[in-house]
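Colleague: Protein sequence lines correspond, in order, to chains A and B. The first sequence begins at 1 in the working numbering and counts up one residue at a time. The second sequence begins at 1 in the working numbering and counts up one residue at a time.
Honestly, I wouldn't trust all of these hints.
[Said to hold, decoys possible] Distance condition first, Cα-Cα at most 27 Å in a straight line; then the derived BS3-like pairs of lysine-lysine:
| hint | chain 1 | residue 1 | chain 2 | residue 2 |
| --- | --- | --- | --- | --- |
| 1 | A | K272 | B | K186 |
| 2 | B | K200 | B | K128 |
| 3 | A | K97 | A | K38 |
| 4 | B | K21 | A | K7 |
| 5 | B | K149 | A | K29 |
| 6 | B | K182 | B | K65 |
| 7 | A | K245 | A | K314 |
| 8 | A | K46 | A | K270 |
| 9 | A | K270 | B | K62 |
| 10 | B | K128 | B | K103 |
| 11 | A | K22 | B | K185 |
| 12 | A | K357 | A | K338 |
| 13 | A | K161 | B | K223 |
| 14 | A | K26 | B | K149 |
| 15 | B | K75 | B | K129 |
| 16 | A | K22 | B | K148 |
| 17 | A | K263 | B | K75 |
| 18 | A | K7 | B | K182 |
| 19 | B | K100 | A | K7 |
| 20 | A | K272 | B | K65 |
| 21 | A | K272 | B | K4 |
| 22 | A | K314 | A | K219 |
| 23 | A | K26 | B | K148 |
| 24 | A | K22 | B | K186 |
| 25 | A | K7 | B | K75 |
| 26 | B | K21 | B | K201 |
| 27 | B | K62 | A | K22 |
| 28 | A | K210 | A | K357 |
| 29 | A | K22 | B | K4 |
| 30 | B | K62 | A | K161 |
Simulated from the structure, these hints should not be mistaken for lab results. Note that this is a predicted model, so its numbers are computed, not measured.
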Amino acid sequence: MEMRFGKYGGQYVPEVLIPSLKELEKAYKEYKDDPEFKEELDYYLKNYAGRETPLYFAENLTKKIGGAKIYLKREDLLLGGAHKINNSIGQALLAKKMGKTRLIAETGAGEHGLSSAMVGALFKMKTRIYMGAIDVERQKLNVYKMKLHGAEVYPVESGSKTLKDAINEALRDWVETFEDTYYLIGSVVGPYPYPSIVRDFQSVIGKEAKKQILDIEGKLPECIVACVGGGSNSIGIFNEFKNDKEVKLIGVEAAGEGLDTEKHAAALLKGKEGILHGMLSYFLQDEDGQIRPTHSISAGLDYPGVGPEHAYLKDMGAVEYAGITDEEALNAFLELSKTEGIIPALESSHALAHAMKIAKEMDSDEIIIVNLSGRGDKDLDTVMNYVKF
Amino acid sequence: MDKKLVSFIVAGDPNPEATLKFMKALSKHSDIIELGIPFSDPMADGETIQMADIRALNNGMKVSKVFDIIREFRKYSSTPIVVMTYYNPVFNMGLERFLKELKESGGNGLIVVDLPVEDSEEYLSHCKKYGIDTIFLAAPNTSEDRIKKIDNASSMFIYLVSLYGTTGVRGEVSNLAIDFLKRTKKLCKNPVYVGFGISKKEHAKRFIENGADGVVVGSAYVKIIEEYGDSEETIKKLEEKARKLKEGILEGSK
Ligand SMILES: Cc1ncc(COP(=O)(O)O)c(C=O)c1O
Chain A
1 MEMRFGKYGG
11 QYVPEVLIPS
21 LKELEKAYKE
31 YKDDPEFKEE
41 LDYYLKNYAG
51 RETPLYFAEN
61 LTKKIGGAKI
71 YLKREDLLLG
81 GAHKINNSIG
91 QALLAKKMGK
101 TRLIAETGAG
111 EHGLSSAMVG
121 ALFKMKTRIY
131 MGAIDVERQK
141 LNVYKMKLHG
151 AEVYPVESGS
161 KTLKDAINEA
171 LRDWVETFED
181 TYYLIGSVVG
191 PYPYPSIVRD
201 FQSVIGKEAK
211 KQILDIEGKL
221 PECIVACVGG
231 GSNSIGIFNE
241 FKNDKEVKLI
251 GVEAAGEGLD
261 TEKHAAALLK
271 GKEGILHGML
281 SYFLQDEDGQ
291 IRPTHSISAG
301 LDYPGVGPEH
311 AYLKDMGAVE
321 YAGITDEEAL
331 NAFLELSKTE
341 GIIPALESSH
351 ALAHAMKIAK
361 EMDSDEIIIV
371 NLSGRGDKDL
381 DTVMNYVKF
Chain B
1 MDKKLVSFIV
11 AGDPNPEATL
21 KFMKALSKHS
31 DIIELGIPFS
41 DPMADGETIQ
51 MADIRALNNG
61 MKVSKVFDII
71 REFRKYSSTP
81 IVVMTYYNPV
91 FNMGLERFLK
101 ELKESGGNGL
111 IVVDLPVEDS
121 EEYLSHCKKY
131 GIDTIFLAAP
141 NTSEDRIKKI
151 DNASSMFIYL
161 VSLYGTTGVR
171 GEVSNLAIDF
181 LKRTKKLCKN
191 PVYVGFGISK
201 KEHAKRFIEN
211 GADGVVVGSA
221 YVKIIEEYGD
231 SEETIKKLEE
241 KARKLKEGIL
251 EGSK
């Protein structure tokens with residue numbers, strides 16, 4: 001496990017959190033390769049969450065676009081409707097092993113909040129979800145679902161009242177409650193060891209996808225495309241292919257209303273190095289080092305930073321990063337819904353939109369895998385504002 | 001050695017001119033003025049200081065103006081000034097440039113809330129080079145080993161966080177805090193100051209009686225600023241608050 005990815009990462013937190021992070025590191029090192037722990041994790045991933053997920057050849061879409069074959073890694077079919085559950089099960093099991101009785105989590109779109117509320121119910125842990133007051137308003141359905149599972153949803157009124165502020169508030173809670181409380185971070189962000197832990201729990205996506213594409217096509221894909229908010233579904237699918245030089249990895253950030261406007265959430269493409277939420281990474285910030293407000297049509301990508309491993313992968317040139325606008329994502333959302341009968345999450349629609357762009361330029365015997373990180377049911381309120389029938 | 005009162009306010013809350021007036025008022029009874037640089041994401045702070053940061057930023061506060069305030073203050077007073085900040089504004093400006101400007105403006109020390117002692121090697125050597133004193137925080141759950149590292153890395157005082165939580169006014173001094181103070185005193189060569197949650201004369205007295213070399217008070221002042229804004233009333237009340245706290249310190253020193 002790595003404290004830093006190149007210079008990125010680290011543990012930039014107030015002193016009071018250092019012992020909790022050390023406790024977490026120790027516990028994770030103890031259990032991560034423990035056969036019993038792995039068996040339990042696999043059991044819940046399979047029987048509770050619904051792994052493995054299919055790798056589906058989107059034939060209609062491929063034909064319509066004309067170019068590379070497009071495969072979809074169907075994380076949208078998991079319980080809760082997104083990849084977030086892979087990580088929530090893993091960390092909740094770890095929390096139990098550590099003897100913690102209470103979970104706290106932050107959420108933007110509500111997907112990680114929902115998956116944390118689900119595992120809170122499953123493992124009988126008291127659960128509180130921190131969610132920006134604006135997001136509570138935007139994502140009513142997920143808020144209601146979290147409450148159905150018995151979680152308390154705490155609307156965060158500070159700062160910009162979105163995901164970054166929910167993380168601040170969860171950290172403030174943890175500073176007081178670390179003795180019985182586990183902070184279940186939802187992406188590959190935060191202080192060490194979170195970026196490594198979340199990556200490990202999400203890397204099941206890439207492990208399955210690699211095996212599946214070799215079974216179906218007998219070769220590796222030319223390209224893998226995933227959206228990047230904090231960066232967990234993308235790291236999750238990229239990780240297994242990191243050493244396959246012939247596979248091009250592309251992370252897609254939210255370009256919002258355009259990368260040349262102020263209204264986007266593209267930390268890697270437009271941000272600069274900074275320190276927030278315990279990590280050295282790329283952040284959208286003003287000339288004074290104040291974190292800037294962000295915008296994306298998809299709440300799950302609406303975050304001013306990105307996980308430190310992505311910052312490193314970008315600097316190394318190991319992953320290419322691109323931006324997709326709100327409009328392009330919305331079009332991809334509509335296209336997949338119509339051609340394949342699959343409603344993708346707006347986050348995943350960013351990855352899909354980029355794949356559709358590049359597929360055209362590729363040969364018909366080449367392959368793209370898109371990580372379909374979630375389903376779009378949660379986004380229907382948003383989409384209805386744009387598209388009327 | 002005389003026991004110290006450190007008085008914290010947020011620079012630019014509600015505007016730089018007011019901050020300067022507040023500093024002058026506080027310095028009548030304070031031994032050190034601590035100036036917070038407002039930050040968009042103050043994760044170690046409770047609501048009172050969060051709101052102060054927002055007031056300052058909404059009124060256009062900038063890091064460069066913090067140095068202007070210090071420079072201006074130096075025309076009137078030699079009371080030492082410690083700047084408290086999150087790391088990002090420093091990192092963004094560049095550590096060396098930040099330290100150079102802090103020194104030139106007349107600043108004396110620096111606290112970076114989210115810089116752990118493990119990652120402070122370069123930081124320490126630059127602080128030394130530019131003649132800026134360092135202060136690190138320790139919490140009740142900090143191990144003895146780390147307290148020693150923190151002591152070694154600090155050159156002005158050690159800042160004990162008296163509780164598990166964020167900044168903000170609290171009711172009573174806990175036994176946890178007193179135990180922690182006694183434990184740390186034995187380990188450190190630096191003076192040990194206690195902060196977080198101190199708002200009353202009695203709190204200050206209690207910590208000093210139990211061996212603290214100083215107390216740090218913040219939210220109690222910031223609450224006054226929150227209520228009375230940029231006014232004569234605020235200045236009067238800040239001065240009064242500092243006077244009482246200093247009284248507690250003197251009583252505790254007997
Ligand atoms: C479906 C879906 N995809 C992607 C994301 C973005 O997160 P990450 O970049 O960590 O995968 C989210 C976050 O809420 C999400 O719900």
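Colleague: Against this structure, judge whether each hint is valid.
Modeller: A quick look at each hint next to the structure:
no.: 1; hint: K272/A x K186/B; in the structure: 43 Å, violated
no.: 2; hint: K200/B x K128/B; in the structure: 35 Å, violated
no.: 3; hint: K97/A x K38/A; in the structure: 12 Å, holds
no.: 4; hint: K21/B x K7/A; in the structure: 42 Å, violated
no.: 5; hint: K149/B x K29/A; in the structure: 25 Å, holds
no.: 6; hint: K182/B x K65/B; in the structure: 39 Å, violated
no.: 7; hint: K245/A x K314/A; in the structure: 15 Å, holds
no.: 8; hint: K46/A x K270/A; in the structure: 39 Å, violated
no.: 9; hint: K270/A x K62/B; in the structure: 22 Å, holds
no.: 10; hint: K128/B x K103/B; in the structure: 11 Å, holds
no.: 11; hint: K22/A x K185/B; in the structure: 24 Å, holds
no.: 12; hint: K357/A x K338/A; in the structure: 18 Å, holds
no.: 13; hint: K161/A x K223/B; in the structure: 22 Å, holds
no.: 14; hint: K26/A x K149/B; in the structure: 21 Å, holds
no.: 15; hint: K75/B x K129/B; in the structure: 25 Å, holds
no.: 16; hint: K22/A x K148/B; in the structure: 18 Å, holds
no.: 17; hint: K263/A x K75/B; in the structure: 43 Å, violated
no.: 18; hint: K7/A x K182/B; in the structure: 38 Å, violated
no.: 19; hint: K100/B x K7/A; in the structure: 24 Å, holds
no.: 20; hint: K272/A x K65/B; in the structure: 23 Å, holds
no.: 21; hint: K272/A x K4/B; in the structure: 40 Å, violated
no.: 22; hint: K314/A x K219/A; in the structure: 26 Å, holds
no.: 23; hint: K26/A x K148/B; in the structure: 22 Å, holds
no.: 24; hint: K22/A x K186/B; in the structure: 25 Å, holds
no.: 25; hint: K7/A x K75/B; in the structure: 41 Å, violated
no.: 26; hint: K21/B x K201/B; in the structure: 23 Å, holds
no.: 27; hint: K62/B x K22/A; in the structure: 35 Å, violated
no.: 28; hint: K210/A x K357/A; in the structure: 23 Å, holds
no.: 29; hint: K22/A x K4/B; in the structure: 34 Å, violated
no.: 30; hint: K62/B x K161/A; in the structure: 22 Å, holds
The structure fails to meet hints 1, 2, 4, 6, 8, 17, 18, 21, 25, 27, 29 from the earlier list, while all remaining hints are met.
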